[in-house]
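S.K.: Let the sequences and hints guide you as you build the complete structure.
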Amino acid sequence: AQSVAQPEDQVNVAEGNPLTVKCTYSVSGNPYLFWYVQYPNRGLQFLLKYITGDNLVKGSYGFEAEFNKSQTSFHLKKPSALVSDSALYFCAVRNGGSQGNLIFGKGTKLSVKP
Amino acid sequence: DSGVTQTPKHLITATGQRVTLRCSPRSGDLSVYWYQQSLDQGLQFLIHYYNGEERAKGNILERFSAQQFPDLHSELNLSSLELGDSALYFCASSASVISGEQFTQYFGPGTRLTVL
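Chain order of the listed sequences is V and H. Going by the working numbering, the residue at position 110 of the first sequence is 120; the numbering climbs one at a time, nothing skipped. Going by the working numbering, the residue at position 13 of the second sequence is 221; the numbering climbs one at a time, nothing skipped.
Some clues are possibly wrong.
Claimed, not checked - The list that follows gives simulated cross-link-like pairs (lysine-lysine, DSS-like), each with its CA atoms no further than 27 Å apart:
no.: 1; chain 1: H; residue 1: 265; chain 2: V; residue 2: 59
no.: 2; chain 1: V; residue 1: 123; chain 2: V; residue 2: 68
no.: 3; chain 1: H; residue 1: 217; chain 2: V; residue 2: 119
no.: 4; chain 1: H; residue 1: 217; chain 2: V; residue 2: 123
no.: 5; chain 1: H; residue 1: 265; chain 2: V; residue 2: 116
Said to hold, decoys possible - Have a look at the derived ranges for each label pair, beta carbon to beta carbon:
no.: 6; chain 1: H; residue 1: 247; chain 2: V; residue 2: 13; range: 15 to 23 Å
no.: 7; chain 1: V; residue 1: 51; chain 2: H; residue 2: 288; range: 47 to 55 Å
no.: 8; chain 1: V; residue 1: 93; chain 2: H; residue 2: 266; range: 34 to 42 Å
no.: 9; chain 1: H; residue 1: 223; chain 2: V; residue 2: 68; range: 43 to 51 Å
no.: 10; chain 1: V; residue 1: 40; chain 2: H; residue 2: 218; range: 18 to 26 Å
no.: 11; chain 1: V; residue 1: 71; chain 2: H; residue 2: 211; range: 14 to 22 Å
no.: 12; chain 1: H; residue 1: 261; chain 2: V; residue 2: 89; range: 41 to 49 Å
no.: 13; chain 1: H; residue 1: 249; chain 2: V; residue 2: 18; range: 32 to 40 Å
no.: 14; chain 1: V; residue 1: 79; chain 2: H; residue 2: 224; range: 44 to 52 Å
Claimed, not checked - Chain H regions said to be covered by chain V (calculated; three or more residues, Cβ under 8 Å):
no.: 15; stretch: 239-250
no.: 16; stretch: 253-265
no.: 17; stretch: 294-305
no.: 18; stretch: 313-319
Because the hints were derived from the structure by calculation, they are not lab data. All C-beta atoms, glycine included, are put in the ideal place defined by N, C-alpha and C.
M.R.: Here you go:
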């Protein structure tokens with residue numbers, strides 16, 4: 011069965027510092043991996059995805075993610091954090107092909123302090 | 209704005225009642241997915257419709273049902289409501305396989321259901 015794990019419930023970063031939010035996956039076949047962000051009382055916003063190709067994927071708002079097949083990881087990164095990046099981040103994997111549902115991790119709360 | 213709309217934004221009802229949540233996908237998207245977000249269960253997939261046909265079921269209770277209409281909007285019906293059904297319900301849509309843009313799901317703002 012497909013699954014993703016986010017090992018950190020919360021990540022604290024100072025504004026201006028680089029941030030990393032971790033995600034590992036377990037899939038059979040090729041993984042279709044995603045990152046979404048959820049601000050309080052809002053829906054999920056798509057940040058980026060890995061389908062195939064370059065291991066470094068660039069997304070919205072300056073975020074990027076690195077796909078690492080040997081470590082089965084898909085960590086979300088940003089070179090310089092902003093206070094406005096504070097939110098709940100979800101890693102997800104597509105279940106059973108390009109049209110399957112998403113299977114989400116438990117989410118990581120990112121807190122960026124000024 | 210993702211282009212996916214959901215109504216109502218908030219719904220407060222009593223145990224034993226029935227409610228209907230509505231979702232309009234992005235223009236041209238054929239797939240609609242329903243998810244439930246709760247504190248204890250996280251984000252859980254409920255059901256997937258593609259062009260009016262049910263494609264997959266997840267952790268959807270028998271008290272819940274859904275459908276997708278010819279205009280592609282979808283409704284999620286929740287009946288015999290229990291306190292534990294209180295949650296945020298999201299729908300998401302994605303494009304058809306033919307478009308080549310089928311991989312990404314775009315989420316609506318959600319409907320917050322409170323069962324008292």
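S.K.: What's the verdict on residue 265 of chain H and residue 116 of chain V, does the C-alpha distance respect the 27 Å limit or exceed it?
M.R.: holds, 20 Å
S.K.: Checking one constraint from the list: CA of residue 217 of chain H to CA of residue 123 of chain V, max 27 Å. Satisfied?
M.R.: Violated. Residue 217 of chain H to residue 123 of chain V sits at ~31 Å, over the 27 Å cutoff.
S.K.: Holds or violated: the stretch 313-319 of chain H covered by chain V, criterion of 3 or more residues with Cβ-Cβ distance under 8 Å?
M.R.: holds (count 6)
S.K.: Looking only at beta-carbon atoms, does the pair residue 93 of chain V, residue 266 of chain H fall within the given range of 34 to 42 Å?
M.R.: holds, 36 Å
S.K.: Three residues minimum, CB to CB under 8 Å: does the stretch 253-265 of chain H make the cut for coverage by chain V? Let me know.
M.R.: With 5 residues in contact (Cβ-Cβ under 8 Å with chain V), the coverage given for the stretch 253-265 of chain H holds.
S.K.: Quick one, are residue 123 of chain V and residue 68 of chain V close enough, alpha carbons at most 27 Å?
M.R.: holds, 24 Å
S.K.: At the C-beta level, are residue 40 of chain V and residue 218 of chain H separated by a distance inside 18 to 26 Å?
M.R.: violated, 40 Å
S.K.: Taking 43 to 51 Å as the hint, is the beta-carbon distance of residue 223 of chain H and residue 68 of chain V inside that range?
M.R.: holds, 48 Å
S.K.: Can you take a look at whether the stretch 294-305 of chain H is actually covered by chain V? Rule is 3+ residues, C-beta closer than 8 Å.
M.R.: As far as the stretch 294-305 of chain H goes, the hint holds, because 4 residues have Cβ atoms under 8 Å from chain V.
S.K.: Establish whether the coverage given for the stretch 239-250 of chain H by chain V is satisfied; the threshold is a Cβ-Cβ distance below 8 Å, and no fewer than three residues must meet it.
M.R.: Since three or more residues must qualify, the claim that chain V covers the stretch 239-250 of chain H holds, with 4 doing so at under 8 Å.
S.K.: Look at the Cβ atoms of residue 261 of chain H and residue 89 of chain V and judge whether their distance stays inside 41 to 49 Å.
M.R.: For residue 261 of chain H and residue 89 of chain V the Cβ distance comes to about 45 Å; the hint holds.
S.K.: Taken at face value, is the distance from the CA of residue 59 of chain V to the CA of residue 265 of chain H at most 27 Å?
M.R.: Holds, at roughly 24 Å.
Violated hints, listed in ascending order, are 4, 7, 10 and 13; each of the other numbered hints is respected by the structure.
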